[in-house]
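Participant: One letter stands for each residue in the lines below.
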Amino acid sequence: MRAPFSDLPLVLTEATIAAGPVTILDKVSLMFDAGPPTLLVGPNGSGKTTLLRAAMGLLPLTSGRISWGGRDNASPARRAIVFQRPVMLRRSAAANIGYALAATDTPHAQRIDELLALVGLAGMGNRPARRLSGGEQQRLALARALARDPAILFLDEPTASLDPASTKAIEDIVRDVAARGVKVVMSTHDLGQARRLGGDVALLHRGRLIEHAPAEEFFAQPRTKEARDFIAGELLV
Amino acid sequence: MTGEMSALQLVLTGDPALYAVVRLSLLVSLSAVLCAALIGIPLGALLALTRFPGREGVIVVLNALMGLPPVVAGLAIYLLLSRSGPLGTLGLLFTPGAMVIAQTLLVTPIIAALTRQTVEDLWLEYRDELAALGVGPLGRVATLVWDARFSLVTVLLAGFGRAAAEVGAIIVVGGNIEGFTRTMTTAIALETSKGDLPLAIGLGLVLIAIVVVINALAWGARRAGERYVG
Numbered sequence: 004m005r006a007p008f009s010d011l012p013l014v015l016t017e018a019t020i021a022a023g024p025v026t027i028l029d030k031v032s033l034m035f036d037a038g039p040p041t042l043l044v045g046p047n048g049s050g051k052t053t054l055l056r057a058a059m060g061l062l063p064l065t066s067g068r069i070s071w072g073g074r075d076n077a078s079p080a081r082r083a084i085v086f087q088r089p090v091m092l093r094r095s096a097a098a099n100i101g102y103a104l105a106a107t108d109t110p111h112a113q114r115i116d117e118l119l120a121l122v123g124l125a126g127m128g129n130r131p132a133r134r135l136s137g138g139e140q141q142r143l144a145l146a147r148a149l150a151r152d153p154a155i156l157f158l159d160e161p162t163a164s165l166d167p168a169s170t171k172a173i174e175d176i177v178r179d180v181a182a183r184g185v186k187v188v189m190s191t192h193d194l195g196q197a198r199r200l201g202g203d204v205a206l207l208h209r210g211r212l213i214e215h216a217p218a219e220e221f222f223a224q225p226r227t228k229e230a231r232d233f234i235a236g237e238l239l240v
Numbered sequence: 002m003t004g005e006m007s008a009l010q011l012v013l014t015g016d017p018a019l020y021a022v023v024r025l026s027l028l029v030s031l032s033a034v035l036c037a038a039l040i041g042i043p044l045g046a047l048l049a050l051t052r053f054p055g056r057e058g059v060i061v062v063l064n065a066l067m068g069l070p071p072v073v074a075g076l077a078i079y080l081l082l083s084r085s086g087p088l089g090t091l092g093l094l095f096t097p098g099a100m101v102i103a104q105t106l107l108v109t110p111i112i113a114a115l116t117r118q119t120v121e122d123l124w125l126e127y128r129d130e131l132a133a134l135g136v137g138p139l140g141r142v143a144t145l146v147w148d149a150r151f152s153l154v155t156v157l158l159a160g161f162g163r164a165a166a167e168v169g170a171i172i173v174v175g176g177n178i179e180g181f182t183r184t185m186t187t188a189i190a191l192e193t194s195k196g197d198l199p200l201a202i203g204l205g206l207v208l209i210a211i212v213v214v215i216n217a218l219a220w221g222a223r224r225a226g227e228r229y230v231g
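Quick note, the sequences are listed as chains A and B, same order.
Okay, so the first sequence: first residue is 4 according to the working numbering, each after it adds one.
Okay, so the second sequence: first residue is 2 according to the working numbering, each after it adds one.
The hints are simulated quantities; they were obtained by calculation from the structure and are not laboratory data.
Fair warning: this is a prediction, and the values are worked out from it, not measured in the lab.
Glycine included, each C-beta is placed from N, C-alpha and C at the ideal position.
Be careful, since some hints might not be right.
Just a few of them, taken from the derived set where beta-carbon distance is under 7 Å, the chain A residues facing chain B [stated by the list, open to error]:
| hint | residue |
| --- | --- |
| 1 | P79 |
| 2 | R93 |
| 3 | M127 |
| 4 | P131 |
| 5 | I234 |
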C-alpha cells in the first residue's frame with residue numbers, strides 16, 4: 004500500500020507577508036514536525052493568525068517560502084484549520100461534519116458519529132449547528148476539521164471566548180488529538196494554556212519570531228527580554 | 002358575471018369565470034417565477050462569487066432592471082414575438098406562453114439582483130471556511146445557494162409579488178382575451194374602465210387574499226426550516 008503523503012514537516016523559511024507598508028509577518032523561519040503541540044503566543048496583532056493562515060496555505064507570502072512535506076504547492080487535503088470564530092454552516096451538527104467528509108470523498112454515517120463522540124457531542128447530531136452554544140460550536144468546528152483526517156491541525160485561539168469548563172473540554176480534545184499523532188499548532192493568549200499543552204512555544208511580536216523553544220525551557224529560561232516580559236505579564240507593545 | 006352582484010357574492014358563489022381568471026393568473030405568475038428562479042438564482046450566485054472587469058456595471062444594470070417598467074418589458078417581448086419579429090414564427094403572441102415570457106423578463110432581474118446580494122453577504126461569512134475545506138467554485142455556489150435557501154424564499158416572494166401585481170406587460174403581450182389570456186389584473190383594469198366595479202373589487206380582494214396566503218405559507222415554511230435547520 005502506498006504511504007499517504009504527509010504535509011509534515013511544514014517548513015517556513017523567511018516567510019514574509021506585507022499589506023502595503025505594513026509588514027504583518029516578518030521573515031519568520033519555523034518548522035512544524037510530528038510531535039507534541041506547538042503553541043504560538045504573543046500579543047494581539049503579533050501575527051499569530053496570519054502565520055496560521057499562511058501555514059494552512061490560505062494566504063500567499065510576499066516573500067520567503069513555505070513547504071509542506073518538501074512540496075511548495077501541496078493540496079490542503081491533509082491540513083485543517085479551526086478559525087477563532089468558526090462559521091457553522093446552516094445545517095445540522097452532523098451535516099456540518101458530513102460536509103467536510105464529502106469534501107474529502109469519504110462520507111460515512113459511522114464516521115460522523117465517531118467524530119461527534121470524539122468532541123463530546125454524541126447524540127447532538129440532529130441539532131441545528133447555529134443553535135449550539137459557543138463551546139459546542141468550537142467543538143463541532145474541531146470535529147469538522149478532524150473529518151479531513153489532517154496530518155497537521157491549526158487552531159486559532161480556540162478557547163478565546165470560552166468559560167473554564169468549555170476551555171478544559173477543548174484542551175482535553177487537543178491532547179486526545181495530539182496523542183493520535185496529529186500535529187497541533189495552536190495560537191493562544193493564555194500562558195497557562197501554553198504551559199498545560201505546549202510541547203514547544205513560539206513567541207511572536209510585531210510579526211517577528213522572537214523566541215522558539217521547548218515549553219519547559221521557554222518558561223524556565225527565556226532567552227530574550229520580550230519573552231521574559233511576556234511571561235512576567237508585562238504588556239508587550 | 003353581472004354588475005348587480007356584489008363583490009363578496011362573486012367570490013363566495015365560486016363564479017366559474019372569476020375562478021378561470023384566478024387560475025390563469027396563478028399559472029402565469031408562478032410559471033414566470035419558476036423560470037426566473039431557474040435563470041436568476043444561478044446567475045445571481047455566479048455574479049456574487051466571480052470577479053471580472055465590468056462586474057460593477059453589470060450589478061448596477063441588474064439592480065436598475067428591477068425597476069423595469071412592465072409595459073416596456075411587454076413591448077420588448079411584443080416586438081420579439083410579433084409576426085414580423087425574430088420569434089414570430091412561434092405564434093406565441095397573445096397566448097399565456099407570451100405572458101409567462103414577459104413576466105419572466107420582469108422577475109429575473111429581481112431574483113438575480115437580490116440573490117447576488119444575499120449570496121455575496123453569506124460568501125463573506127463562509128469564504129475562509131470553504132477555502133479551508135478546499136471546496137471548488139461549483140461546490141461554493143451550491144453550498145451558498147443551499148445555505149441561503151430561507152433568505153431566497155423571500156427573494157422568490159418579491160418576484161412573485163412583482164409578477165402577480167403587474168398588468169402592463171401581460172396586457173401588451175396577452176391581449177386580455179376573455180377565457181384565454183384574461184388575468185386578475187387585466188380584468189380589474191378592464192372592468193374598472195367598463196364601470197363594473199363589484200367584479201373589479203371582487204377580483205382585487207381575491208388577488209390580495211392569494212398574495213397574503215402565499216406569503217403566509219412561505220413565512221411558515223421559513224420559520225419551520227429555521228427552527229429545525231438553524
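Participant: Does A:M127 meet its interface restraint, that is, does its C-beta lie within less than 7 Å of any C-beta in chain B?
Facilitator: With a minimum Cβ separation of about 12 Å from chain B (threshold 7 Å), the hint on A:M127 is violated.
Participant: Under the criterion of a CB-CB separation shorter than 7 Å, is A:P131 in contact with chain B as hinted?
Facilitator: Constraint on A:P131 satisfied, holds at 2 Å.
Participant: Does the CB of A:R93 sit less than 7 Å away from some CB of chain B?
Facilitator: Holds, because the Cβ-Cβ distance from A:R93 to chain B comes to roughly 4 Å (cut-off 7 Å).
Participant: At a threshold of 7 Å, is the proposed contact between A:P79 and chain B supported by beta-carbon distances?
Facilitator: holds, 5 Å
Participant: Quick check on the hint: A:I234 CB to chain B CB, less than 7 Å?
Facilitator: violated, 32 Å
In the structure shown, a violation is registered for the earlier hints numbered 3 and 5, in ascending order.
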